[in-house]
Every structure is written in C-alpha cells, then in structure tokens.
Amino acid sequence: MVLASGCAVRQGVVPGLPLAEARALLERGSSREARCVPHFEQHDPAADLDQLRELAASCQRYSPLVGLEEDPEPQSLLFDVTGCAHLFGGEEKLARQIVRDFGKSGLVACMALADTVGAAWGVAHFEKHFLQAAARITGAVSELLPVVVPPGRQQAALHPLPIAALRLPAAVVETLQELDLGTIGRLRALPRDTLAPRFGAGVARRFDQAGGFIPEVIVPVRPAEPVSAEWSFSEPVSDRHALAAILRILLDQLATVLVARQQGIQRLECRLLCTGRRSIDLVVGSLRPQAAAAHLEELLNLRLERTALPGEVLRIQMQATSLGPIEFHQESLFEEIEKTGQHDAERELATLLDRLSHRLGTRRVLKARLVPDPQPECASRWEPVLQAGEKPPARKAAAIAKDSAAGQPGNLPAAARPLWLSPQPEPIAVVSLVPDGPPIRFSWDGHDQVVRHFWGPERIETGWWRGPQVGRDYYRVETATGQRFWLFRRQNEGTWFLHGVFE
Amino acid sequence: MSSVATDFQQENLRELRERLGRMAGRSDGQRRRLTASDTGIAALTNLFPGGGLRPGSLLEWLSAERGSGAGGLVWRLLGHVMRAAGMLVVVDPGRGFYPPAVAPLGIDFERVTVVRPGSRADVLWTLEQALRCAGVSGVVCPLEQVNDREFRRLQLAAEAGDNFGMLLRPSRMCGRSSWADLRLEVSPLSGNVSEPGDCPHFVSGGRRLRVELLHCRQGTAGGVVDLELCDATGDLRVVPPLAAATAVRRAAGA
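From first to last, the protein sequence lines stand for chains A and B. Following this note's numbering, the numbering of the first sequence begins with 88 at its first residue and continues without gaps. Following this note's numbering, the numbering of the second sequence begins with 21 at its first residue and continues without gaps.
The set of hints was computed from the structure by calculation and includes no laboratory data. One or more hints might be untrue.
[Unchecked claim] Sample of chain A residues at the chain B side, in silico, Cβ under 8 Å:
id, residue
1, 96
2, 186
3, 187
4, 401
5, 451
6, 454
7, 466
8, 470
Just so we're clear, the structure is a prediction, and the values are computed from it rather than from any experiment. Virtual Cβ for every residue (Gly too), placed ideally from N, Cα, C.
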C-alpha cells in the first residue's frame, strides 16, 4: 500500500500496509460505512512521473522555471518566481493564485514560498497547519493557505521544523534523532564545519542549501516544442489532387524536423480552413510512431476521401500532437531471414491496422475482451485497436490484462456458447409439449424447425441491482436437419427468443 | 551524396542476402515457410492436397443452412494454425461474432482483430488488405456474393501475403466459378449425437460433420471425411467406422 484516501485511513489503512491486510480492513469497514466502496489501483511510478511532468509544464504561466524535486520518485513541484511576483500583485497573491488554480482542477496544494528551495520544501512539508490538514485528510479540504516566508527569514522559519524537513534519507534522520538532534534548530547549534565529517556530506549539503549558503539549481521541465506546418493558398482550392499534394509537402516538412530529433508522429491533427469561416479537422493516429511521410499521407488521404469539404480550402494547418521515439533495429547481413521477416511482418501489421482504422473508422476495427458476466451479451467487450492514436497507459493496460484473465470461462464446455450471437434476441414461436417444457418445434427465418435433440435448460439470472432483471432458461437445440441453435425462454413471461446460432 | 552511398550499400546488402539465401536453398522473395502445415487431425490433413494447409491458399467452406457447424470447424483449424506467429483477422459485417464461443479453444484475443465493415465494398477491401499483409496469419469471413474479378484479387492477395483465407459461404454458391484453392462442403450427419459414454459430460456427445472436398486447384477432388467435434472439449476426431456385419456374426459363433 503506497497511498490511501482519507476514508481508508480512517479505517486503519496506512501506507506500507500489505495489500491483503488493507483489503480485509476495508471489507470489514465498508459494511459500517455504506458510502465507502474500496477501489484499488496498481502503483505505477512511471505514470505518476508523467502526470507530474505534465502538471509542471502546465505551470509555465506562473514562472518560466518550473521543475521537479531531485528525487527518484519526485512528489513536489519547484517554482523559481524571481521577478514574476509583481505580475500577480505580490508574492502572497501569486501563491494564493496558484493554490486556487490547483483547487479548481481538484488538487490540494501545500505551498510555501521562501528564499531557498530547501526552506520552501521544508515549510511546505512540515509547517503545522499543513500537517494538521494532512492528518485530517478529508474530502472537505479544498484549499490550504500558502505560507510565505519573508525575505531573509528562512533560518527562523526552519528553526522549529523537524530534521526530516532537510530532505534527508530516512536512515540519516533516524541517526540524527537518536543523537537528540530532532529539529533543524538543534542541528544549527552545532558548528557548521563539523557537520560534513560527523554526519556525511549529504547532511551538510542539504543544511547549506536550505540556509542559502550554497546555490541549488531547478532543472525546468520544458513542454515539447509543437511540431507544426502551415500552407496558405493564394486562391481557394477545391481540387483534391492539389490538396493531397500540399498535404504531402507539409508532411515532408514535419518529417524533416522530426528525423533530426529521432522522433515519429503518433497523432497528427490537420485543419482545413474553408471559405465561409468553416473548417474541417482530420485527425490521424498510428499504432507506432511514424517517421515515414508516405504512410501518414496514405492515412490522411483515406480520411480525406471520405470527408465532404464544406467549401473551398483557403489554408491548411498541420500539427503533430503526439510524438514518440522511432524504433530502430540494426540491420545485419547474417541475420536469419526468419527474424528479418518477423520485423517486417510486425511493421506491416501496424500499417494494416492503421489503414483499416482510418478507412473504416476506429469503432469498426476492434479487439475483444472477455468479461466475467453471466449475461451472454455482456460477456465480451469491444475496444478500438487504435485508441485515437495513443497507447493505453501502463495502468490501464495492466487492468485490461487482469480483466481478460478474469474473463476466461472456467469450466464452460467448448460447445456451450454459439459462434454467432444475435445483437438483439429475436422473438420466435415455439411449441412445447408441457408448460415450461423444452421446445419441440419452432419457426425462424421463415422455416419450421423440428427439434431432434436439446440440452438444457441452463438458467441464467442477473441481480436486481443491475437494472432490469434478466431471468432466462437457455436450451441448445439440434434440429432434424442437423442445425444447432441457442434458444431461451423468459422465466416470467414464458416467451421464447432465438439468441444465437452454432455456425 | 550520402543518400547515393546509402543506396549503394543497400543494393550491395540486398545482393549479398540473395546469394546467402540461394546458398541456403531459399528462393528470392520467400519470406515465410511455405510448407503445408498440419491441421491437427490426420484424416483432414490427408484430405488436403500436399498434406495439410498450405500458406497462401484461399479456402471456401460451403454449408447448406446456417447452424450447420462449418464455422465451428474452421475455428478449430484456426486455433491450430494460430500456434504460429501472426494476427488473425475476423471480418464480421453482421456484427454477430461472439468471442466467448472460441475462448475454450485457447484463442489468444490479443492476436485477434475483429473488423466490422459497413458495406460489401468495404468487406472486399478489408479482406484484400488483410490477406496481403505479412503480419497476418489467417483471415476468416462470411462472404456471399463475389464476382470473378474480385475473387481472383482475393486469391492473389492470399498468395502474396502467404496467408490462409477462410471464406464461409452458402451452398447455393456451389454452381458459381471459384478462384479458391480448395472448396469444401460441410454438412451435418444424421445420427449426429454420439453415445454419452464416448464423451462423459453433461453436454455429452459430439457433433458429426461430413467434410467433402468439392474442388481443388492442385490435386484430386472428391475426398470425404466424417468428423466429430466433442461438445465438452472441442476436440476433433474421425467418426469411428461401424463394425462390419460379418465380423459380428463370426464373433457370435454364427
């Protein structure tokens, strides 16, 4: 357990607890607290880092220098607001503005502003009212007042704070606490020159950084430069061949920029601005980052040929909105032909899936996922192969894999489910010898069918909490002509439906 | 200048690879193994010319009525074929393909892509694209109307991509000309359900199907094999022949 919500903490779940224990605690607790339904997410440091980087990039409006803290798993953003505060009406107002804006996006920020990075970090993590808020951890906390340490007062602000506020490793903090050096004030009482020989260079460095004796650099997170190209026509153009030629020129321009960066395009947005202030957006995505202009041109043309233009085109704007590193594999003369063929085959497959998705639409090129659901029409789920040109995040991919594994039917016989399932069960007329008995004859698709063998009933019911209750008795039937069908009778009404065909 | 040098290097590399390939006994353009692969059941393997399923062939599976079992048989063959690398493309214009039906066959859904074209033209385009792709191992599609030129294009695409194309068609198309490498008819047999003792399960028994080779491009048509699909396990086996009446009489001492 890495992190837990306030509701979970109230039930005794703390970070560091084994997952099984946390599960047991929450299951016991959820019966008491009906609102709390436990939800578990797999810890994914890489995804967290990506999110934090995105957040840092979005904070460029407050300062041109926004970076992440120096840590393998950073959790704090560092702002250099030198010379920026007057634009917001002072430091206090700037800090409040940032906290308010974070609050609007659902984030609670503990923020401190000081002369040094170390002092700001220490205050933001260990100032009393932040700690109290963290201990409460309730959904009611929407905004915490930021702390602004006046210029030159960082030593006084650090004085009462615990030694951990110096960003030291846990083992070092423990040692210092054993030596009764629990606060920064006590450490400060020792001669500064003796800190490095006694406790190591790390302690001295952090102490000096917090006090402002040595500088500390913030490495800024820079948002990637947008890769875009544009073309303005001198006269409005409606000829599709001319448009295709210009698209190729723009793609070549993008490719020239990206080749130098060793990056490829994974999602491309192309806007055609037409007469009458109307515009049309063509968005293409690719399973793999594509550096080849020819492939992207083909995808764009597939989109273009199925799009009605609202007027003559005046301008074309093209922007690569998602980029990724190009995969290279070294060519070898003596590489086995099979292996070379495999690389080619994988590349060809990615190209095929891109092509199918762009001509037919992403909702028509799908992957199946099994879902452990008793209701037949809910036992599989469809997902587009091309998720708008983006790879699913690792967290989602793991969840999908788990779902699919869970969806594998356990002891279901091979012939228990039909190969073709009707999107809507079709009502049919059935003759039975006894009420609620098996079918003897039925009529479907204009043909009378005589049932020679049947298997069942297989009763499938769903809970009332899922919406309209489903109660069905399924029969696999074989007709006199050897065809096999999947029929069911609604338990309440006794009406019959054909749901599938064993093709 | 540098691009000229690169082209020259590429040309040299290609030439050397060709020479290596010739030394290793492979012909130019041969990308994957072209030997016929086993179907998993000897009787069916023997039915196909060349002793199995040959990559790059188009197979036409005819059945008189829906629910006759041709689809189930094709999927069992595909389950066997999918042991090799590659994606399986299911072209499903009717939106009725139901994945839980094939899950017990051990199909890895990560390697199955289902395409749902909206028109007949899109179905044919999808089929051709998928058959031509080297990253695909097999394509399965229900297909009713197809003219000669379209059929020939599909056959050439399958040949170019070394893929299996499984086309499920109604028997009334039997009179039409075909470019498929094999045309097979699947029909349910009377006495369809075997004895419960043969396959102990609550959905006991199996489904008996007759597979007849109506036409083949390289080999002799006319072969027939009776198969049984086990309902419980999905296994495929040859229907055991009935004991000869004379043997029964001799055993009884008559």
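Hint check results:
no.	hint	verdict
1	96	violated (38 Å)
2	186	violated (45 Å)
3	187	violated (46 Å)
4	401	violated (32 Å)
5	451	holds (5 Å)
6	454	holds (6 Å)
7	466	holds (5 Å)
8	470	violated (10 Å)
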